[in-house]
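Just so you know, the sequences run in chain order A and B.
Residue numbers for the first sequence follow this note's numbering, so the first one is 7 and each next one is one higher.
Residue numbers for the second sequence follow this note's numbering, so the first one is -16 and each next one is one higher.
No lab work stands behind these hints: they were computed from the structure.
From a predicted model like this one, the values you see are computed outputs, not experimental measurements.
Treat the hints with caution; some may be incorrect.
[Claimed, not checked] Pairs of lysine-lysine, DSS-like flavour, derived with a Cα cap of 25 Å:
(1) B:K180 to A:K278
(2) A:K28 to B:K180
(3) A:K52 to A:K84
(4) A:K125 to A:K240
[To be verified] Label pairs and their computed distance ranges (CB to CB):
(5) B:E165 to A:F25: 17 to 27 Å
(6) A:L248 to B:K178: 30 to 40 Å
(7) A:D48 to B:L14: 51 to 61 Å
Beta carbons are placed, not taken as given, at the ideal position from N, Cα and C, and that holds for glycine.
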Amino acid sequence: MGKRVDYRDFFLLDEELDFEYKAIRDTVREFVENEVKPIINDYWEKGEFPVHLIPRIAELGLIGSYFPEEYGGAGLDKLAYGLITRELEAGDSGIRSFVSVQTSLVMYPIYAFGSEEQKKKYLPKLASGEIIGAFGLTEPDAGSDPSSMQTRAYRKGNEWILRGTKMWITNANLSHIAIIWAKDEEGVIRGFIVERDMGYETQKMKGKGSLRASDTGEIILDDVVVPDENRLPKAEGLKYPLMCLTHARYGIAWGAVGIGISLLEEATEYAKERIMFGSPIARFQITQEKLADMLTWIQNANLVVYRLAYLDKIGKMTHHHVSYAKRYAVRAAKMVAEKARGMMGANGIMLEYNAIRHMANLEAVETYEGTYEIHTLILGELITGMDAFRVGDGKK
Amino acid sequence: MRILTIIKRVPDTAANIRILEDGSGIDKTNLNYVTNPYDEYALETALRLKEAKGGQLEVLAVSDNQDILRNALAVGADKAYMVEYADYDKLDPYNLSRIYAEVIKQKGPYDLILTGKVTIDDNSYAIGGYLAAFLGLNYVSHIVSAALEGDELVVEKETDRGSETLSISMPAILTHERGKYEPRLPNLRGIMQAKRKPLDVLKLEDLGITVTPAYEIVKLTPPPKKEGGRILESVDELVEVLKNEIKVI
Ligand SMILES: Cc1cc2nc3c(=O)[nH]c(=O)nc-3n(C[C@H](O)[C@H](O)[C@H](O)COP(=O)(O)OP(=O)(O)OC[C@H]3O[C@@H](n4cnc5c(N)ncnc54)[C@H](O)[C@@H]3O)c2cc1C
């Protein structure tokens, strides 16, 4: 007799998890089923982030899970964080993005590069969702190459004057604080915790065709005065914002697996029910090949992210591993999305199902936190020892 | 106040149950288990009573797996007991209740005992009644909520004659209908704290009782398949069917 096989966890990776991890996974899964899925299409269509979920997300402990309890975290490891992001993104990339930014791009730099006072002042409130943070690195003319940023920080005694514009910033309009990366007069990149009432302005970026249930905006710094005590003391140089990205990308790779599993599940159900030419379309060999491919791509990605968590645990995870995983998992999810969407025919373009929303979201997910090409170049440099980011002298 | 909630581990309500070909039981490969849904409502009410008035909340299960007890600790129970019994899913309600009653006698006294009105695996509604009789407790079944007003325990239940509000003196046992409020999810902090809470594993020998099952499951057959719908060609045909076949118009 054939044994029942769970195609969502084909290699029984979740089966080996300790009770705590399974419980965390199930909590997030149920939260997504009961509180995210029923409302997400409406918010996506309206182009709004469902802010009413913030207190719930915080109450469940999903923000800052990997920081110590004294700073409002849950003292968990990166495996738990991975499971959280995987299950959240099975709901929607916008919800996962919110948690990624708040945790890995706002809390992490304060935790890792901040002073003890900064940690005590901001981390517990960020974890409880009382304050929302944003991470401002990208600018209109500095995307894949953040070292070309134009935002400047001028020192005036015990204060800094920040001038510049950040673009494509997640949570910008919701934010109470922003981690702003700017170059000082010597050209060294520094990080600042800028509070809303110090005077930064935000502008919602409308008309997105992807990640519509996430808040994206511009941050305008028009000579904003920031006290030196709000500078992140341990961050000097491009390496520091990139370290934040490594943590966020880790979660994105896990998230992409969540999307893939959700798509495979939906398309499989659909193919079994949909009758064409007298049979369920799942009976056709072409459909089965698609499903087998989808299963393979997404389970391979799941194996990769599990391994990543293990490497992190033993202290051997590098940013190269993370680039590999983000690049592969997001591409795998995109390939799955294309098949799933197609398999559902006209219904596949309807927001009532998940496929088209996930498919559209994946476009932003593939672009942010290092595009597919940028991760290709990171791996290319690792393999060849040759940096191909810049052509010739890097001038037009 | 000391409260005990009795919970049972049952196959996931959303799972597709497959019966073994020889009819000896269900196929348990990759089967997901959950807390009996009505027991979850009982636990939610117990948590609310504890939060309102303070006290100690304990949970009890007869099982070979601690997961549902750990979940109960994660949402806020203080202590758990598991009576180890491998074939708990086949045990009849009379003997199951004997085990529960013995634990209550040895670990109690409790002011209040809560459990689900029914366990969905064997569809037995018997536990509340047996325990009330064995332990001589006041008993209200099918409640939808419970609250303490002063020292008075006030419960609500839905009946055909309307919503009843009852006042009951403790010690008492209540069985829960689908509640007025949804059971909570454990949060991450609760899940981690659960690790440090006591979970006592008891054996039948420790309790000093022996169990002779009252019955055994001879054969399990799948429920009849739902018949597919029928597509009618015209309104006339529909009227014809409704009139002469189903006879509703
Ligand atoms: C929804 C959304 C949310 C975002 N949130 C944030 C945020 O919170 N904070 C933040 O700082 N940023 C955020 N970003 C910005 C994001 O990180 C950038 O969009 C990304 O880094 C790419 O930059 P760019 O859009 O300027 O593209 P460009 O850098 O202009 O790239 C355009 C294309 O050229 C390719 N390319 C670039 N360089 C090379 C090369 N050397 N070789 C080959 N190909 C190359 C790229 O791969 C890409 O395909 C967000 C973006 C989106 C879409």
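Here's how the hints hold up against the structure:
Distance check on the hinted pair: K180 of chain B and K278 of chain A sit about 45 Å apart at the alpha-carbon level, beyond 25 Å; violated. Proposed proximity of K28 of chain A and K180 of chain B is supported: the alpha carbons are some 18 Å apart, at most 25 Å. Distance hint between K52 of chain A and K84 of chain A is unfulfilled; the C-alpha atoms sit about 33 Å from each other, more than 25 Å. Among the hinted pairs, K125 of chain A with K240 of chain A is consistent with the structure: their alpha-carbon atoms are about 13 Å apart, no more than 25 Å.
The supplied range of 17 to 27 Å is met by E165 of chain B and F25 of chain A, whose beta-carbon atoms lie about 23 Å from each other. For the pair L248 of chain A and K178 of chain B, the beta carbons lie near 35 Å from each other, so the given range of 30 to 40 Å is met. Taking the beta carbon of each, D48 of chain A and L14 of chain B are about 35 Å apart, not inside 51 to 61 Å as hinted.
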